[in-house]
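Undergrad: Chains as they are written, first to last, in the numbering used here: chain A, 3 to 173; chain B, 792 to 1073.
The hints are simulated quantities; they were obtained by calculation from the structure and are not laboratory data.
Where hints are given, some of them may not hold.
Derived, one-sided and incomplete: chain B residues facing chain A with beta-carbon distance under 8 Å [what the hints assert, rightly or not]: (1) Thr807; (2) Phe841; (3) Val845; (4) Phe924; (5) Asp972; (6) Pro973.
Stretch-level coverage of chain B by chain A, calculated; a stretch enters the list once three of its residues show a Cβ under 8 Å from a Cβ in chain A [stated by the list, open to error]: (7) 812-818; (8) 910-923.
Label pairs and their calculated CB-CB ranges [said to hold, decoys possible]: (9) A:Leu11 to B:Gly1031: 51 to 59 Å; (10) A:Ser4 to B:Pro1029: 56 to 64 Å; (11) A:Gly146 to B:Arg881: 53 to 61 Å; (12) A:Ser125 to B:Glu1046: 20 to 28 Å.
Owing to the predicted nature of the structure, the values given are computational and were not obtained by experimental measurement.
Quick reminder that beta carbons are idealized off the backbone N, C-alpha and C, glycines included.
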Amino acid sequence: MSRDLKTFLLSTGMIALAVVLQSTLLHWVAIRGVIPDLGLIILVFVAIRRGSMTAQLSGFATGVVEDFLSLSPLGFHAFIRTLVGFLYGLTVGSIFVDPILMPVILTIIATLFKALISSVLVSFLSIPAEGFSVFTGPLWIEMGYNAVLAPFLFALLGLLKVLKPQKKEWT
Amino acid sequence: MPGIPSFVRKNKRGVTFVCLLLLCLLMMLFSNRNVVLQPKKAGQSFFSVFQLSVHALSNWFTGTVTSIRELKRLRSELEDARERLMEYERVSRDLAELRRENRELRDQLGFAETLSFRYIPAQVIARDPSNQFSTITVNRGRVHGLREGMPVIAFQGGLQGLVGRVVLVSLASSLVQPITDPNSYVAARLQSSRFDGLVAGSQGGLAALTMSYVKKLAVNEVQYGELVISSGMGQLFPEGIHIGRVREMIAKGYEASLELEIEPIVDFSRLEFVYIIDTEQK
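The task is simple: from the sequences and hints, build the whole structure.
TA: Listed below in structure tokens is the structure:
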């Protein structure tokens, strides 16, 4: 099995597990009903380490899983995660990721970007969603939650050999 | 046309990206109009197995850890229960007498018997994996007799409160759309002042409901804290289920009707057990 395929399977599995945890156990630690998006943090890590191809495919696959478990229309989360995976993947090899600051910054930007895209989709496709009424309480809570967890998750994921930075983009 | 394959080979990453986005958009366009329900149903069936497993595992773990504390608590509760039982025995004798009296009075007034439905108990096993939607997943599905559209209720604070309705049924689990969802509408009535309206979930992620189309002349009769119940109109929800209490009244000068802000009876954040009402089987 090639390394790229191994990376894709592993990252997809990890994000899918995170999505299942988000729908079950993480509601115990929700702050005012808001849960962190572990899947997004893992996707950001995979994207900056392994590039656009792996990240967008993993993002798409796990976004579809999220859509299955949610009242969202099929493709809603898949669209957001594919986009995040692709764009973050473009930065592969060009960002120096320190243990704390960069994971926090990258996750904050990803959460804001996710909120923006979901708001655009909700308004353009008239999707009946509570959404993030942009820049209201839930978004800030999720952003803070994600930012706090990012350094820990990045440190844990950094231990995985298969997610070590790639030298050449998978094209 | 040798150009296209070589272009695809050269730009594999970009082409994949565009294809995936187009696929997402197509799925969304169809799914948003409820055309792609079958794949969603199949996917929900499959992935809810993982949710059920995690839920069962966490239940087992917390159950084991708390069992000792639970035993202690149960012992003291047993004592209390014994005392209460004696009290209830006395109340029960009075109740039987009151029931008999009530039946006789109903007969005299010609009232119909109150309809009661079959209740299917279920446990909440998962919620939405994101913060944008408000899905509730329960551990009952087609094999337990669930159908799409069935109303879901819960008992909290001594009241029967409306939770929502079943929107997607798979083999052993189902998705419930809560009444706080912006796409949920319930025909409602103010319990004391008897004005009708339509309760909808609010856009913006707050766990509050809005009751619209209430006649403006209700402004002097509606009380803060007044109970709002389902009116039974539209046949979707049975009549008389509690929805919430009036929290705020908004009377805009240019509108012909009132808008009421409703606090739901059910606290959705601590919802564990629900009942699905089978309105076809009494």
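Undergrad: With reference to the structure, classify each hint as holding or not holding.
TA: Here is how each hint holds up against the structure:
1. The beta carbon of Thr807 of chain B comes within 7 Å of a beta carbon in chain A, closer than 8 Å, and the hint placing it at the interface holds.
2. A distance limit of 8 Å between C-beta atoms decides the matter here; for Phe841 of chain B the minimum to chain A is near 5 Å, and the interface restraint holds.
3. Taken as an interface hint, Val845 of chain B checks out: its beta carbon lies about 5 Å from the nearest beta carbon of chain A, inside 8 Å.
4. Because the smallest distance between the Cβ of Phe924 of chain B and any Cβ of chain A comes to about 5 Å, under 8 Å, the interface hint for this residue holds.
5. A distance limit of 8 Å between C-beta atoms decides the matter here; for Asp972 of chain B the minimum to chain A is near 7 Å, and the interface restraint holds.
6. With a cut of 8 Å, the hint placing Pro973 of chain B at the interface with chain A holds, because the nearest CB-to-CB distance is about 5 Å.
7. For the segment 812-818 of chain B, the assignment as covered by chain A holds, since 6 residues bring a beta-carbon within under 8 Å of that chain's beta-carbons and 3 suffice.
8. Given as covered by chain A, the segment 910-923 of chain B passes the check, having 8 residues with a CB less than 8 Å from a CB of that chain where 3 are the minimum.
9. For Leu11 of chain A and Gly1031 of chain B, the hinted distance range of 51 to 59 Å is satisfied, since their beta carbons lie about 53 Å from each other.
10. The beta-carbon spacing between Ser4 of chain A and Pro1029 of chain B, approximately 58 Å, falls within the hinted interval of 56 to 64 Å.
11. Under the hint 53 to 61 Å, the C-beta atoms of Gly146 of chain A and Arg881 of chain B, about 55 Å apart, fit the expected range.
12. For the pair Ser125 of chain A and Glu1046 of chain B, the beta carbons lie near 24 Å from each other, so the given range of 20 to 28 Å is met.
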